[in-house]
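Full structure from sequences and hints, please.
Below, each chain spelled out in residue letters.
Number of protein chains: 2
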Amino acid sequence: MTEVEAKKPQESLQDRLAQVVELLHRHRIVEDLAHRQSQEGQHQDLVENLVHRQNLVELQRKLEALHPADIAHILEALPLDDRLTVWQLVKSDRDGDILLEVSDAVRETLIADMDDHELLAAAKEMDADELADLAAELPRDVVHELMETLDAQQRERVRSALSYEEDQVGALMDFEMVTIREDVSLEVVLRYLRRLKELPGHTDKLFVVDYDGVLKGVLPIKRLLVNDPERHVAEVMASDPVTFHPDEDAYEAAQAFERYDLVSTPVVDKSGKLIGRLTIDEMVDLIREESESEVLNMAGLREEEDIFASVWKSLRNRWAWLAVNLITAFVASRVIGLFDGSIEKLVALAALMPIVAGIGGNSGNQTITMIVRAMALDQMGTGNSARLLRKEAGVGMLNGLIWGGVIGVVVYWLYGSWSLGVVMTAAMTLNLLLAALMGVLIPVTLARMGRDPALGASVMITAVTDSGGFFIFLGLATIFLL
Amino acid sequence: MTEVEAKKPQESLQDRLAQVVELLHRHRIVEDLAHRQSQEGQHQDLVENLVHRQNLVELQRKLEALHPADIAHILEALPLDDRLTVWQLVKSDRDGDILLEVSDAVRETLIADMDDHELLAAAKEMDADELADLAAELPRDVVHELMETLDAQQRERVRSALSYEEDQVGALMDFEMVTIREDVSLEVVLRYLRRLKELPGHTDKLFVVDYDGVLKGVLPIKRLLVNDPERHVAEVMASDPVTFHPDEDAYEAAQAFERYDLVSTPVVDKSGKLIGRLTIDEMVDLIREESESEVLNMAGLREEEDIFASVWKSLRNRWAWLAVNLITAFVASRVIGLFDGSIEKLVALAALMPIVAGIGGNSGNQTITMIVRAMALDQMGTGNSARLLRKEAGVGMLNGLIWGGVIGVVVYWLYGSWSLGVVMTAAMTLNLLLAALMGVLIPVTLARMGRDPALGASVMITAVTDSGGFFIFLGLATIFLL
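Chains X and C, in that order, give the protein sequences. Under this note's numbering, think of the first position of the first sequence as -11, with each following residue one higher. Under this note's numbering, think of the first position of the second sequence as -11, with each following residue one higher.
Zero decoy hints are in this set.
Identical copies carry no separate label here, and so any pair may be met within one copy or between two of them.
List time: in silico DMTMM-like cross-link candidates among lysine to aspartate or glutamate, alpha-carbon distance up to 20 Å: (1) Lys50 with Asp3; (2) Lys50 with Asp228; (3) Lys112 with Glu125; (4) Lys185 with Glu175; (5) Lys185 with Asp216; (6) Lys379 with Asp69; (7) Lys301 with Asp101.
Calculated from the structure, these hints are not laboratory results. All values derive from a computational prediction rather than experimental measurement.
And the structure:
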């Protein structure tokens, strides 16, 4: 895909979005007017048409001046009808760039609006790795036709990229590498680069390979520039660079980029042959996506949602966790049901029990968030669990005694029963201990089972602290108060 | 700071951590043994000492082979006593690099373990921007002494970096720029670079300035390499590059890096004079931090916590949100208290009310997470709120009718009262509508007030859906069932 130089944004994203919305709005008013008048008669048609067209032309000019990433952002921020109006106005030779920039959910709506011919035209300019990114969402016959137009090497690359899982290095690598031999001088390298006319984006190092394509090292551009041109590549190159295999976990690669401040790295196969390249821009996107899916998972959303998605789509995205929540709430309700008799005798219990459950849920969520984060950052080593458990139990115990004590006093003051206050304090302390215990054990157990520790962590801990809190409080009350 | 070339990690971070822990463990066993025997007598002292020392030497050798970022990671994953043992073993000339890599919470524990002399030595090698990062956490007299050792330009730079807020571009920029003039040929530029011997990290472009230091454009290294050396900088440079002002929001700069796939950008003052540089590595750290603080804020944790922090430190980090939660839980409890009489007459209400509150909380959290994310991504434009409100209300209404209907049937089956079932369905639907309404309004209002919309969003929405849910359910029940 041709590279677009980013220009200084003279106005903020919000401003640009507001301008586009304003132009769209004007366009709609004229359209409405034209529509109403065409029902009343045909006069003034010409004038309206002109104004109408003028608004669209202005909008189009505005859009043309924007970077594809900015257009993508505007498309994401517009409701479906406005989004498609803007999409129609964008020059077709930029469709591909923009499709690659928008979120999956929005891309779906744009692709649905394009016919096969437009899709083919948009995809024609793409590199193999970009095609592979898009392939899953394109109609089957379009993909088929596209593959026909590719040469053998490109087709092989698309196939290879498609053969990896979304979270593997192989799915994120590109193939735009500049390779050189180790037995030439830097002068020769410089001349070779000049003949290339253009270098791929994020080229901070050249890859040194032998005649079989096996990676021998990398030549950072920095070293190429500061060293004597008479020197040979072999003397100047770094012979032990960070590399990745295509079947490695992409998120671990992203963490390595972050840790070692990398811009690009070679990807090699088992035999050491160079097959692709990872770049920081893909890694940044991945870091962003990972953090977001953590937030979404904890809130019980399955995936990123287009904020203007239809009600039905949103329902489908959200129903699974709601259903889980409903079941756990139902269990908690049955726990309360066990103590019907106690509540009938002492109705204050009904009013106080949500406090015990709520504080446990909040504290448990704090613990589980901490542990999930430590796991994501690889800080949970062997033999740490017991120590963390002790610490979290300590925090829970103290919080229980302090806050439980406060609430106990308030309860005594409200209901005039010191024994009810003591039961309240004891129940809160025990539930906070339970929250600490489960806040450590749930993610640790999920991880041992090979599951994502963030997934549903919040729903699960709340389920435990709700049912547990009700049981502990009502149980203690039944034993000691009735 | 000297640059360290990242080497291929032959083993995973987890493996390396495990090895260090193993060596530490062996060291501790010998130490224990030595301690016990020194109480019994002095025999075998020599042997123990040798074994003891051998373990430490092995550990030290292991650490020396690691990248500072990896040592930082190991330090973060170790409990305090082990952490300080490892910290003592690290060669003092790497202290600075490692201090810059560890998290704030862990850095504090390391600095507390160093005397002024060690701190001065560690900070001596740092660049102005790195010093500024560290200055806030160093003892006042160390900072004072450090400033004395700097030359006037460096001191000015540290002062300037310290004068900006943490979230401003000025606090994150560095000063390692390569500047050139526009009226020279590329050949001259190439020769100039060779004389520099070393280029700063992340140099993907050179900054073109006039004699007053005003930025005229940037010369991407890519263009320098592929163009004819006879051509002049002015012909080849990009004259309208992305730039930032030091008082701009750093997070917006990070988003621009992400959007335009940048590696470095110049920072200029109001008059267009070049004063610094932003690089992708700082931006990646910022993106990571922003996403993390979103997760932490939603869970009610004030800041990043060292997982091995003391119980007291953890308490301080968490108590604020727990207190808020306690107050909201108390309010919910008082709402229930209003309906004492109803619950006494129909104790089933006590068992069912947490279901109404729970489903509202879960659904509200889904909505608020969506909206907070859309805001973080700048997708909430003018006039979108009403449309989003309608959509979320639709989702809430449908969820209420569907899930509320299911639960209504279950309640009828359990308690044999169809009117109780209908009240349950109605209460769930109304509470889901309330959740949708507040899920949109809370973050929108917080943002209008200039507050972070993520801050406490989860606690607030849960407070509303709890109290609201109890009120709606118990209110409807009191009116229609009693």
